[in-house]
Structure formats: structure tokens, C-alpha cells
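Based on these hints, arrange chains R, B and V on the given structure of chain A.
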Amino acid sequence: MNKNKSSFINGLLTENPVFGLYLGICSTLAITTSLNNAIGMGVAVIFVLTFSNIIISAMRNIIPNEIRIPVYIVIIATLVTIVEMLIHAYAPSLYSALGAFISLIVVNCIILGRAEAFASKNGILASAMDGISMGIGYTLSLLVMSLIRQILGTGILSFSNPFTDATIFSFTIIPENYVISMFKDPTGAFLTFACCAAALTAYINHKKKKEASR
Amino acid sequence: MELVSMFIAAVLINNIVLTKFLGMCPFLGVSKKMSSAVGMGVAVIFVIFGASLISYALYYLVLVPLHLEYMQLITFILVIASFVQFVEMVIKKYSPSLYKALGVYLPLITTNCTVLYVAQQNITEQYSLIETIVNSIAVPAGFLMVLVIFAAIRERLESADIPECFKGNPIALVCAATMALAFSAFAGLV
Amino acid sequence: MQVFYAILFGVVLGGIYAGLYYMNHKTPVPKGCENLKADCEGCKVTSCEMHPSHNIKETNHD
Amino acid sequence: MKKIIYLTCFLAIVCAIAGGALTVVNDMTAPVIESMAIEAEKENLELIYPGADFTEVENTDDTGLILGIYEAAGQGYVYKLQNTGYSSTPFQFLIAFNLDGTVGGYQMLQSSETNGFGARAWEDEYTNTILGLTSSDAFPLLSGATVTSTGVVEAIDAAKAHFNALQGIEYDENAVAEAPALATGNPVALNSDLADYNATVTDEVADGDKTTYTVTAYGFGLLNGQSDYSENVFEVVVNNTDLTIDSIAMTQFGDTAGIGDKIDTPEYFDLFKGATIDSSVDTVTGATFTSNSAIAAAQAALNAAGGQ
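Residue numbers (numbering that gives the first Met the number 0), protein chains in the order written: chain A, 0 to 213; chain R, 0 to 189; chain B, 0 to 61; chain V, 0 to 307.
For reference, chain A alone in the conformation it holds in the complex (with noise of 0.2 Å):
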């Protein structure tokens, strides 16, 4: 058991899928702007993560080794379609928000990534943990990230519940004519980006100076 409890440590930091291993960073970029995009993106990439992750271990074995990478992405698409089937019918204002960005999660190399690296080699439950893990360690990480620009790039903290459009809490940090609002913008976007993948390197190389030093 304490396998799988170390691959979801190692989930969420060492091993963060954004900051550590830079995968997903294309919607990571772009759909950190607010918050309860952020969330609503996490959700949907844990959602899709993790069923790929149990659908594919499933398979493992049946799956011929040349033609993995194919069918491997043919499931995600499949399994991508039907999430945004599902949020465009029951969640329209969250669809509206996500928008091109649902079917992009195809694409984004995290579901693949751990596709490959993790589920095509462990069983159903270790995957489903892995995928839970990292999904959850995206959103973490879209978390950080929407919670930097939007503060500093509109100066207000707002979350509204994505299916009834009603804000929850909202209140103002930074008065409106302080607010730096290059971090609406790609530079602020990549500027945090790197700021925050510099925090986690720094943080693991000084781990493993401690770890070196005892």
C-alpha cells in the first residue's frame, strides 16, 4: 500500500507534473486568468486523467506494443469528447468558460505522459491513484498559479460557483489603481510560470542538499 501512498506524495511535489516535469503547460498558461477556470479545468483534467489512466492499465496487456501511442491517444479523445459533452449539457457557463480549452486537454501532454509513463506499466488501482494524484497536483499548480495572477493582475479574489454563475466570495486585495495588470497578459503568465518552477527546483535542490549533508 505505501507504494501507492509514495506515488501520491510524490504527485503532488517532487514529481509535479507542471512545475517538475512541465507537462500540461500550454492550457496551464493560458486558463489561469480566474480562479474557478482554474478549478473547472482541474477538475475536467482530473476527471479524464484518471479514466484514462484505469482504461489504459486495463488494456495494457492487450495492447500490441508498436501501435500503444495511437490507441493510447484514440481512448483520451474519445474520453475528452464525452467530458465535453457532459459539461456543455450540465454546465454551460463553465463550457463557456473553458471553451477551446476542453478539447485541447488531448493534446496536453500530461494525460499522455502518464498514459505512457505510469498506467501502460501498473495495475488498475495504482494508476487510478496516479492519475488522482497528479490531477490533483495539476490543479494544485493551477491553483498557484491563478491565485498570483489574478491578485496581482486584477487586484480582486473572486470564485462563482461554475453551475449557477453565483459568486461565493469575492473581495478586493490590491485597491484597482495599483493593480498590475501585465499579469492578465502571456508576460505575466509566463513570468509566474517560471518564477514558480524556479521556487519547486529550489526547493527540491535544497531537500536534497539536506538529505546529502545528514
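Quick caveat, the hints were computed from the structure, so don't treat them as lab data.
Remember, it's a predicted structure, so these values are computed and weren't measured experimentally.
The beta-carbon is built from N, C-alpha and C at its ideal position, and this holds for glycine as well.
Treat the hints with care, as some may be off.
[Said to hold, decoys possible] Anything over 12 Å on all C-beta distances counts as not near chain R; from chain V, calculated:
id, residue
1, Phe9
2, Val24
3, Ser34
4, Ala256
[Claimed, not checked] Using 27 Å as the maximum straight-line C-alpha spacing, the simulated DSS-like pairs for lysine-lysine come out as follows:
id, chain 1, residue 1, chain 2, residue 2
5, R, Lys91, R, Lys166
6, R, Lys166, A, Lys183
7, R, Lys99, R, Lys32
8, R, Lys31, R, Lys91
9, R, Lys99, B, Lys25
10, R, Lys32, B, Lys25
11, R, Lys91, R, Lys32
12, R, Lys31, R, Lys166
13, R, Lys166, R, Lys32
14, B, Lys30, V, Lys2
15, R, Lys91, B, Lys25
16, V, Lys1, R, Lys91
17, V, Lys272, V, Lys261
18, B, Lys30, R, Lys32
19, A, Lys208, R, Lys166
20, V, Lys209, V, Lys272
Structure of chains R, B and V alone, referenced to chain A:
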């Protein structure tokens, strides 16, 4: 005239890497040396142009009449993957020199977000055939341009003194941030 | 009715892709570019064949 | 060789399952999405057929003018149309045809046409003319709002084409409505006080029992003191025996082009035939000032002839 402004807009203003953040995986991975950046860029132009046209044709000739629009995502992916395999096979057979330059990067492109994005953009923006052709050349051209500029910067980075934790990809992203800032100056061009 | 078209379309596309994939892997690599290497160690997409982690596997069973 | 067959079959099966699963989920979610789309349009459609239940009809229109087609069960079809008129932002409106072909409703959704001109395409005057028509008639333009009404009629033609095809009604689609009905109204008496139009007779040519007066009169521009406007000059032929106007014509036009010059049509000037100082003549809607300057000129001519 409108096509030219569309071309400029796709290359300079809403450049696919700097404003839409697509193609980041190859952008970070391949741009260590100028030769590999150019190789990747040209391969991407070739694939995006071909795959978008086939997807455009397939969509309007097969998917729409049969009301199978929801199958669009899988079709485009399979078309892109098949086209990459087909191109690799043709290059292997007929021009070894081209294969030496581009062949290596072709399998990389199968999982590249830009190709799928352009194919879908042609459909969602309801472009006519000519606009699709222009768009399918302009977007990868923008990608190649940014990739080449970025490779040039990165080669100089090797000799720069960077803090420990910023080495590798983080500093590449800081460069990308400065480039995005520079490119945002083009906003009012067209 | 639509299910039939969808399945047929899937089979056709899948077939074409598998066929091309196979034919591609059968055509010999032109001489002189056997050991082409793309220097993309920066990217961590382990799923792509170019990734260094694949070389160990490929070398031993070809 | 066996290998390739196995690979192809495997991938084909996976794609087949994928296609099948997608269709199942699509059949499950498509109605929900469609009913949601109709919900959004509902309160617009209620304006025309209140209380009817609407289903969306497939939009096969390729002109791009029809945004949506909705069938009100048992009552008729509503078309949501969009076109660009005078202003850069396109206008949107609804046109509805009852099952028997008569126009069931005509409702503006959003428009930023200039009021007083383009916006008149949705005021009652034009709306009533449209409501009286059927799907096989040619829809007339609206004088004074030519640019906007051309866009409106063009969009309605697209809707008509679809409706008539649906209902199997033969109609001549390139019939053009006769010259736009010159909307005239609120008559002005010839003896009313038009002094500020400053109509002065500049020339008088007697010819048997008819005299031709050349009269200059102020128009819209000069009345409101705007520069680069000049007088309108009319030639009024008066029959001296019964002091009636034989004919009137405009020889020089000094008002706003595109608006004032609408009165310069035989259809309008014929209204003056046989008018005496006590009768009254209509003015052209949207070109009141220029019409008044014509009436003032006619009054000056009659007074001059009467003075003899």
C-alpha cells in the same frame, strides 16, 4: 488585401506560442540549437499545412453531411497522425537529405498541440478554403519565427551566469516572457 | 443509423493509420541517417520515442 | 504479414468502440443542449407567438443572414435574421410566417441604425406595410431608409426562400416591389403661413392663359441657418383662368442630398395638379422641409397670378 492582414495577424499579433501558449513542449525542448529549431519549424509548417487541408476537406465532405460533428476531435487526431506517418514514409523513400534535416522531428509533431489547434480553428472560425490555406501557413510560420529567435537567445544563455534554480527551462520561460512583451507591441498593427 | 456511420468511419480511419504506421516502419531509413538524434532532452514527454529513456529499450530488442 | 493485420484490426476495433460510445453519449446530451439553446431564444420568440412551444429547425441557409429558424408548433415559423445596414454594427430582427403564408410577426431585436432614418424600418409605418404582406409578395423598400430597408428586405427574402421551399409555395423570388411607395402624409394648406420659407418670384413668363413662374424658396439648410446650403428653385405653371396649378417642377436643388431630393419625383409633383390657394397638398415623410419649400413656392406663384 484582407488575406495579407490575416497573415500578418496570425504571425505577429496573435502568435500561437506567445499569445495562445500552444506548442510549448517543443518550444522548450527543441530550441537548444538553431539547426534543430529550424528543422522542427519547417517540419511543423509542412505538417500543419497538409493536415489542416485534409481535416478541412474531411470535415465538410464527410462529417457535416453525416451529422457526425462530434467525431471531429478523433478524426482530426487520426488524420494528423496518419499524415505524419505518410510524410515520414515519403521523405524516407524519396529524399534522404530532407530526412536527415527533418525526419527526426516528424514523430514529435503527432502530440503537438499546435497542429490540432489550427485544424480546429479553421472549423470554428468558419474560414473559407483560401483563408484556411493562408491560416495554415501563417500560424506555423509564426511558430518557426519565434522558435528561431528563441534558439538564438538560448545559445547565448549557455554562457550567461544564471542562478542555480533558474537553469534550464525556467530561464527559457523568462526569455519567452520578454519576447511576449515585445510582441505585444504589434497589437495595433492590423 | 448514425452509430453505423460513426463506427464505419472510425474503422476506416483506424485502418488507414495502422496501415501507414506499419508501412512507415517497414520503409528502411536512408543510409547515412541511422543514428539521427533530436537534442530534445529538455522536454519531459516520456511518451515520444525520441526521449532518451527510450533508447535503452530500443537498443536491446532490435 | 500477420502482424500488420492484427495491428490494423486492433486499432480499427478501438476506433469503432470509440465511435459507438461517442454516438451513445451524443444522443444522450444533444437534446439537452438543444433545449438549452431554445431556452435562450425563448423570450424573443414569445414576443410573436406567446405560449407556443418552439423547436429549432435545421438552418440550411448559406447566405449567413439567417441566425436561427424556430417552428411554433401548429402556428408558423419564426426566423431570426441579421444583416448590416447603415451603421457598422449589424441589426437583428425576427420575421414570422404563419402556416398560411401571411406574415405572423415582425419584431426588432437589436439595431443601431440612425433614428429618424434607418430606425424607421421598425416603426409602425413600415411594420404595418410588412404585416399586411404574405410570403409570396415582394417586400417594398422604405423611402428615406433605403440602406437599412434594403438589408431588411434582403434578409427577409432569405427567410421567404426557406419558408416557401418548406411549404412548397411557388413564388417569383426576383420580383421587385414597385417603386418604393412614397410615404406622404400630414397635408399643408396652400394658404398657411409659410413666410419664413421666403418664397419670392424671380421670373414670370406669360404664355396664353398659362403663366410660368420661377420661384426661389428657402429649404432645410437655410431655414436652420446652416452654411453651404442654397435655395431651391421651382418652376410653377399656373392656369390664369381658374387660378389652379398646372404643373410644378424643381430646377435647382439646394437641400440635403439623399433626403430632400426624394420629393423630386413626378409622383409627388402630380399632387399639386389642379390645386388652388384654398386646397392643401401632402408633404413627403422624412423630407418635410423641402416639401414645404415647394408648397411655399406654389403659394407665391398662385398669389402672383391672383394679384393680376
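To see whether the hints hold, each was checked on the structure:
In this structure V:Phe9 is separated from chain R by more than 12 Å, as the shortest Cβ-Cβ distance comes to about 14 Å. Here V:Val24 does not stay apart from chain R, with its beta-carbon only about 8 Å from theirs, under the 12 Å limit. With a least CB separation of 17 Å from chain R, V:Ser34 remains clear of the 12 Å interface cut-off, as annotated. Every CB of chain R lies more than 12 Å from the CB of V:Ala256, the least distance being 30 Å, so the non-interface label holds.
Restraint check for R:Lys91 and R:Lys166: the C-alpha separation of about 37 Å exceeds 27 Å, so the hint is violated. For the hint linking R:Lys166 to A:Lys183, the alpha-carbon distance of about 25 Å falls within 27 Å, and the restraint holds. Between R:Lys99 and R:Lys32 the alpha-carbon distance is near 16 Å, which keeps this suggested pair within the 27 Å criterion. Taken as a hint, the R:Lys31 and R:Lys91 pair is honoured in the structure, with Cα atoms around 25 Å apart against an allowance of 27 Å.
Distance check on the hinted pair: R:Lys99 and B:Lys25 sit about 18 Å apart at the alpha-carbon level, within 27 Å; holds. Using a Cα cut-off of 27 Å, the hinted pair R:Lys32 and B:Lys25 is violated, with the two alpha carbons roughly 30 Å apart. Taking the CA atoms of R:Lys91 and R:Lys32, the gap is about 24 Å. The hint holds against a cut of 27 Å. About 13 Å separates the Cα atoms of R:Lys31 and R:Lys166, which keeps this hinted pair within 27 Å; it holds.
Straight-line distance between C-alpha atoms of R:Lys166 and R:Lys32 comes to about 16 Å, which keeps the hinted pair within the 27 Å bound. A threshold of 27 Å between alpha carbons decides the hint, and for B:Lys30 with V:Lys2 the separation of about 26 Å falls inside it, so the pair holds. Taking the CA atoms of R:Lys91 and B:Lys25, the gap is about 11 Å. The hint holds against a cut of 27 Å. Simply put, V:Lys1 and R:Lys91 have alpha-carbon atoms about 24 Å apart, close enough for the 27 Å limit, and the pair holds.
Taken as a hint, the V:Lys272 and V:Lys261 pair is honoured in the structure, with Cα atoms around 18 Å apart against an allowance of 27 Å. A distance of roughly 24 Å separates the Cα atoms of B:Lys30 and R:Lys32; the hinted pair therefore holds under the 27 Å criterion. Of the pairs offered as hints, the one joining A:Lys208 and R:Lys166 holds, with about 17 Å between alpha carbons and a cut-off of 27 Å not exceeded. As the CA atoms of V:Lys209 and V:Lys272 are separated by approximately 13 Å, the hinted pair is consistent with the 27 Å bound.
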